[in-house]
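Chains as they are written, first to last, in full-length UniProt numbering: chain A, 1 to 358; chain B, 1 to 358.
Worth flagging that the hints you see were computed from the coordinates, not collected in a lab.
The beta-carbon is built from N, C-alpha and C at its ideal position, and this holds for glycine as well.
Incorrect hints may appear among the rest.
As the list claims (entries may be wrong) - Pair by pair, the computed Cβ-Cβ distance ranges are:
#1 B:Gly92 / A:Ser211: 55 to 61 Å
#2 A:Gly157 / B:Glu51: 32 to 38 Å
#3 B:Arg318 / A:Arg89: 54 to 60 Å
#4 A:Gly286 / B:Arg271: 58 to 64 Å
#5 B:Thr143 / A:Leu93: 34 to 40 Å
2 protein chains.
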Amino acid sequence: MRQVGLDEVRAIARGAAVLGTGGGGDPHIGALMAAAAIRTHGPVALTPLAELPDGAVVLPVAMMGAPTVMVEKIPSADQVGRAVDVLTRHLGLEVTHVACIEAGGVNSLVPVAAAAELGLPLVDADGMGRAFPELQQVLLTLTGVRATPMAVVDEKGNCAVIDTVDNRWAERLARSVTIDMGCSAMISNYAMDGAAARRGLVPGTLSLAASVGALLEPGVAGEDPASAVAAHLGGRVAVRAKVVDVERRTTTGFARGTAVLEGAGEHAGRRLTVDFQNENLVLRDGDHVLATAPDLICLLDTASGAAITTEQLRFGHRVSAVVAPCDPRWRTPEGLALAGPAAFGYPDDAVLLEGVPA
Amino acid sequence: MRQVGLDEVRAIARGAAVLGTGGGGDPHIGALMAAAAIRTHGPVALTPLAELPDGAVVLPVAMMGAPTVMVEKIPSADQVGRAVDVLTRHLGLEVTHVACIEAGGVNSLVPVAAAAELGLPLVDADGMGRAFPELQQVLLTLTGVRATPMAVVDEKGNCAVIDTVDNRWAERLARSVTIDMGCSAMISNYAMDGAAARRGLVPGTLSLAASVGALLEPGVAGEDPASAVAAHLGGRVAVRAKVVDVERRTTTGFARGTAVLEGAGEHAGRRLTVDFQNENLVLRDGDHVLATAPDLICLLDTASGAAITTEQLRFGHRVSAVVAPCDPRWRTPEGLALAGPAAFGYPDDAVLLEGVPA
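In isolation and in its complexed conformation, chain A is listed as follows:
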């Protein structure tokens, strides 16, 4: 895939929502924003991570905030490019490439919209290989790229440029500003050169999203789309179930909560739960932990295979929980400290898929 046009947007939206593991934003909104920008400015050129020159100036762009709010507060075209503009002006550098910080229905496609608006190529990569709720939770933190200076802009014209002593402080200050801006804001951060991008990003995320999305295309998806997705991602369908309750609260700028599932098949009669904070983080069978972050826990509609984001989860959904292995760098002690269950305040040890080649 060398460019992103309207067809690719549809496929990426579908697939990135799977990789977003419940977070990363509503794919319908991401697709609307990217399609509008492509209709105005034409398709976006995609640069493979390996082809990025050392001296490239790469600026990721994303939406920050609670997905529950994002679905009601869609950014304007102007706002999409402005975060990059503000950061570029602050850095005094000429940006050469836009990038994705995470995979997700909105956050894989906001960068497409921004790249189209700004007339720049987009890097086929992302900072996580999935979505995570907090902004320090990227592989770039492990490879020493600073989150700041970072720009936070809202739809009203307010902006902040934040510069912090570490990436956790960037999360803290940017989160508060985002909450003030109405729980949803556009950000640009982790400015880096091409060499740093090649070291710290996950290659091929947009292509992967598009290929997952292709599996789920209406007419292509077979009887059991979840199994097809699981096989494609090297994972497995851990659970088939029905959603029977969703406890949900939007606090400290996140969509937090727990979904309660009634198991089917091998889990028939079992009470399963999924704890989420924007993303699905811990999957349990009663007290027994089946899977945790940083592995991917994707809730797919059992019939269509469509990813269900945490803000869409509701009673009656028939879901298949696909568990897929995360990028191997997340499985190191440093990676687990940054994005394992303890990083989210859960008492559990990380439970990761076994037999995954590193």
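Given the coordinates of chain A, work out where chain B should sit on it, guided by the hints.
Chain B only, in chain A's frame:
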């Protein structure tokens, strides 16, 4: 007064704490910071507001946050100058003068420390003629000076540059960042040229503070220092009383609460209250309102005349409440809308001293 040396620092600290109406920070801390900077860099030249050239580049500097926290978290010398440095770099301008945004024990003297650190003259003026809790509450808002771009820096090395659509949004975003930084931060905002400063600042505030401070010098203050201060400020001693209770909470970044006073003299046997939010805002005799912001409500120690800041207020203090007229621009409908009792959520109409020449 053409310069601020160590003697002037002591007098300003004493007098600015009176003008701070309970807020603006602890004068002891302000004096420590200014004296340390003057000992290292020498006295600070004071520029009368009227002598400021049109093309001057004036940057106010202040501490933002809850005074209850400031007394335990004194900024470093490095932090004092850094807010101005960050804003200067962002603006790409060469700053010619430092200024005070409000009168108060810390916020009249932090600019002295900053001016000494930066080797710049200080303007003999301030933005309010008193202290107020929120950053849009300056006469500059009425004369059309933007609060942003503004810099917020902490002692750890974190900073944010905020740019907002109006001055109220600047308060909102900067307050959240300040809370994250530990409820106390150094700020620089309201960058303006000399002409705008002459239009929007209150002239002579530092000289006035020094002259009030001189009245209160040990050995100079007579039997009734509060009456001497009231006469000097064109006000009156409204109440003599003893503090019998202080209800206090540090919420949303402010020191809020109510002091309960037991009246003496003409108010003997009466229960008086002072509502505060960093500053003293409403003085009541039972349900009867005696005085409100924007007029100055200064609680002075009856014996020494020393101003008592809201965070120092405690059971047993014998106090004299001096009410003094605010700058006449605060008495306009626009001024009252910005800083009258309703602006702080109190249900009362403004009650202002009568017979004050405008």
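(message) Quick check on a hinted range of 32 to 38 Å for A:Gly157 and B:Glu51, using CB atoms only.
(response) holds (36 Å)
*Measuring from beta carbon to beta carbon, are A:Gly286 and B:Arg271 in 58 to 64 Å?*
holds (60 Å)
Check your understanding: Do B:Arg318 and A:Arg89 keep their Cβ atoms within the hinted range of 54 to 60 Å?
Key -> holds (57 Å)
Quiz item: Honestly, do B:Gly92 and A:Ser211 meet the 55 to 61 Å range at C-beta?
Solution: violated (47 Å)
Given a hinted range of 34 to 40 Å, is it respected by the beta-carbon distance of B:Thr143 and A:Leu93?
holds (37 Å)
Hint violations for this structure: number 1 only, all remaining hints satisfied.
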